[in-house]
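Numbering of the sequence shown is given in numbering that gives the first Met the number 0, commencing with residue 0 and proceeding in unit increments.
In case anyone wonders, no lab produced these hints; they're calculated from the structure.
Owing to the predicted nature of the structure, the values given are computational and were not obtained by experimental measurement.
It is possible that part of the hints are untrue.
[Said to hold, decoys possible] Derived pair list, reagent style BS3-like, types lysine-lysine, alpha-carbon separation capped at 25 Å:
#1 Lys35 <-> Lys133
#2 Lys158 <-> Lys168
#3 Lys71 <-> Lys10
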Amino acid sequence: MAGPVKLEKIKLLILDVDGVLTDGGIIINADGSESKIFSVLDGHGIRMWHRAGFQSAIISGRTTEATAHRAKQLEITYVYQQCIDKLPTFEQLLNQTGITADEVAYIGDDIMDIPIIRRVGFGVAVANAVSECKSAAHYVTTNTGGRGAVRETVEYILKNTGRWDELMKRYLV
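Based on the sequences and whatever the hints tell you, model everything.
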C-alpha cells in the first residue's frame, strides 16, 4: 500500500468504468451494441460528491454509448473514453482544471490504472481489483466494482473530512 494521504485536499474524483462503475462484465446484444449495469448506490454517491461541492471525471480504456449516457445522467463533467494509456489524459485533465495530482482521488481495478493510482493524493482499488492494483493503492474498498465501491469511497472521504454530517441533514429531517 502507498503512504499516508491528506483527504481534506481532495477536490476531484476520477473513475474508471469497467470493473469500477460496473462489475466488469460486458453484455453484447444481438445487434452488436453493448449494455452495462451500473449501481444506483454508486450513482447516488456521485451525486452526494457533487453536492459537497466537488467535481468528478471518467477516464476509461473503452468507448461505449452506455458510459457516455450514464456520465450525462450523473452530470460528470469530464469524460474521456478510449484511453489505453491513461496517464497523458490524466495530465491533460489536471491542466484543464488547474487541480493538482494530490487533490485527486482515483478509483481503478486493473494494471492500466496503476500509474494514476500511484500519482494521485488518494489512490483506490476496488475489492475485486488485480493484486498489483491493490498493492499500489492507498485504500482498497470492501465492496466490489459495480456493487457500491464508488459510494464506499465517497463516504470514506466525506466522513473522514467532516463533510458527511452536513450532507446527511437533508435525509434526517
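Each hint, compared with the structure:
Between Lys35 and Lys133 the alpha-carbon distance is near 24 Å, which keeps this suggested pair within the 25 Å criterion. Between Lys158 and Lys168 the alpha-carbon distance is near 14 Å, which keeps this suggested pair within the 25 Å criterion. A distance of roughly 20 Å separates the Cα atoms of Lys71 and Lys10; the hinted pair therefore holds under the 25 Å criterion.
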